[in-house]
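All chains, please: the whole structure from these sequences, using the hints.
Number of protein chains: 2
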Amino acid sequence: MLDSLAPMLTRAEIDEGRRYAAEALADAGVVLRDDERAALEVSDFGLGDLSGTGLQLLVYVNTDRVCAKELVLRPGQTCPEHRHLGEGDEPGKEETFRCRRGEVWLYVEGDPASSPRANPPRREHYSVWHEIVLHPGDQHTIHPGTRHWFQAGPDGAIVTEFSTRSTDERDVFTDPDIRRITVVGD
Amino acid sequence: MLDSLAPMLTRAEIDEGRRYAAEALADAGVVLRDDERAALEVSDFGLGDLSGTGLQLLVYVNTDRVCAKELVLRPGQTCPEHRHLGEGDEPGKEETFRCRRGEVWLYVEGDPASSPRANPPRREHYSVWHEIVLHPGDQHTIHPGTRHWFQAGPDGAIVTEFSTRSTDERDVFTDPDIRRITVVGD
Numbered sequence: 001m002l003d004s005l006a007p008m009l010t011r012a013e014i015d016e017g018r019r020y021a022a023e024a025l026a027d028a029g030v031v032l033r034d035d036e037r038a039a040l041e042v043s044d045f046g047l048g049d050l051s052g053t054g055l056q057l058l059v060y061v062n063t064d065r066v067c068a069k070e071l072v073l074r075p076g077q078t079c080p081e082h083r084h085l086g087e088g089d090e091p092g093k094e095e096t097f098r099c100r101r102g103e104v105w106l107y108v109e110g111d112p113a114s115s116p117r118a119n120p121p122r123r124e125h126y127s128v129w130h131e132i133v134l135h136p137g138d139q140h141t142i143h144p145g146t147r148h149w150f151q152a153g154p155d156g157a158i159v160t161e162f163s164t165r166s167t168d169e170r171d172v173f174t175d176p177d178i179r180r181i182t183v184v185g186d
Numbered sequence: 001m002l003d004s005l006a007p008m009l010t011r012a013e014i015d016e017g018r019r020y021a022a023e024a025l026a027d028a029g030v031v032l033r034d035d036e037r038a039a040l041e042v043s044d045f046g047l048g049d050l051s052g053t054g055l056q057l058l059v060y061v062n063t064d065r066v067c068a069k070e071l072v073l074r075p076g077q078t079c080p081e082h083r084h085l086g087e088g089d090e091p092g093k094e095e096t097f098r099c100r101r102g103e104v105w106l107y108v109e110g111d112p113a114s115s116p117r118a119n120p121p122r123r124e125h126y127s128v129w130h131e132i133v134l135h136p137g138d139q140h141t142i143h144p145g146t147r148h149w150f151q152a153g154p155d156g157a158i159v160t161e162f163s164t165r166s167t168d169e170r171d172v173f174t175d176p177d178i179r180r181i182t183v184v185g186d
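Chains as they are written, first to last, in my numbering: chain A, 1 to 186; chain Z, 1 to 186.
Derived from the structure by calculation, the hints contain no laboratory data.
Watch out, some of these pointers could steer you wrong.
As the list claims (entries may be wrong) - These stretches of chain Z come out as covered by chain A in the derived footprint (C-beta under 8 Å, 3 or more residues):
id : region
1  : 30–36
2  : 133–143
3  : 150–158
To be verified - A few chain Z residues that don't get close to chain A, going by computed Cβ distances all over 10 Å:
id : residue
4  : R100
5  : P121
6  : T174
7  : V184
Claimed, not checked - Computed footprint of chain Z on chain A, listed as stretches where at least three residues anywhere in the stretch have a Cβ under 8 Å from a Cβ of chain Z:
id : region
8  : 31–38
9  : 73–87
Just so it is clear, CB atoms sit at the ideal spot from N, CA and C, and this is done for glycine as well.
What follows is the structure, encoded as structure tokens:
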């Protein structure tokens, strides 16, 4: 019953998100197989505001040790603040973000920007404001446990992520209403 | 004295290899920074036959846990047979090769192909002949310790490698004359 009351993505929104991401990747010269195009992931992080807080993504590989993804963002779309916890002897996820297309405003722990470029929805749930601007060819490595978030500039963006194993269930989001697993409606 | 007798790449060969790789990557939509373009690695594996046995590569990132590279091959160029050993508790390098452009003939342990597409120079130093043909969008994961090698098809190729930490000094090549560290002449 709770699930049916929660915000959810419609099939139409998912199809449209997949279409957008597939086109953006094709424009950037990234060749996808048909099965990859059909499986592109669209996430609204459970907030029901996909164009504001959301992400389209393709997972190339995710083994016990290595993960690689393409992250596609619409203009102004935000991947919300979170950090990656470890478990036992394993440190949390380490990520390198490399900008392929567009402009990305990445925020990490450190001296806050006095006039940050990004303005995320639900701003009260964002706590780190050290700004790193990534243009195509620029990249930045996020160390385990570090809070971070990012927003695409006015043309949208493509970011390739090189990382250790991806374990979404161990991501801790600052916004308590976020759920990483997308609920799909009709 | 030994070094001066060993095969070595000339500055002109390295410059030409870098130019070729930068152009191939640009054609594929991969944006490089100026410092990356200038640092593209050209390796002849110490055999002095770059167009036969060789590789052009860009290392995006190589931390204690994660590595990512673009590998650029000229038509028919071969990355020679090798495997990645572990050390102590750490298993050897795990690699996923994703073909971006061109056709790649990848050989791993397993049932040998009866009519393999590739014909590497110094063929006597190749022992694994299980053939995997990769077209753009196709990928294959190589597990630690597994012997492997690959050759580009007639149009050359670009392969993105997602892996654990790259430790060239722990690579074991089947061909005893191979040295991974390139010697540069005048």
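Verification of the supplied hints:
1. With 5 residues having a Cβ less than 8 Å from any Cβ of chain A, the region 30–36 of chain Z passes the three-residue criterion, so the hint holds.
2. As drawn, the region 133–143 of chain Z meets chain A at 5 residues by the rule of a beta-carbon pair under 8 Å; at three or more, the given contact holds.
3. Proximity of the region 150–158 of chain Z to chain A, defined as three or more residues with a beta carbon under 8 Å from a beta carbon of that chain, is not established by the 0 residues found.
4. Under the 10 Å C-beta cut-off, the non-interface status given to R100/Z relative to chain A is violated; the minimum distance is some 7 Å.
5. Residue placement check: P121/Z keeps its beta carbon more than 10 Å from all beta carbons of chain A (closest about 29 Å).
6. At roughly 25 Å from the closest C-beta of chain A, the C-beta of T174/Z stays outside 10 Å, upholding its exclusion from the interface.
7. Distance check on V184/Z: its Cβ is at least 26 Å (rounded) from any Cβ of chain A, clearing the 10 Å threshold; non-interface status holds.
8. Counting residues of the region 31–38 of chain A whose beta carbon lies closer than 8 Å to any beta carbon of chain Z gives 4, which reaches the threshold of three, so the coverage claim holds.
9. With a cut-off of 8 Å between beta carbons, the region 73–87 of chain A has 0 residues touching chain Z; three or more are needed, and the interface restraint is violated.
The structure shown violates the earlier hints numbered 3, 4 and 9.
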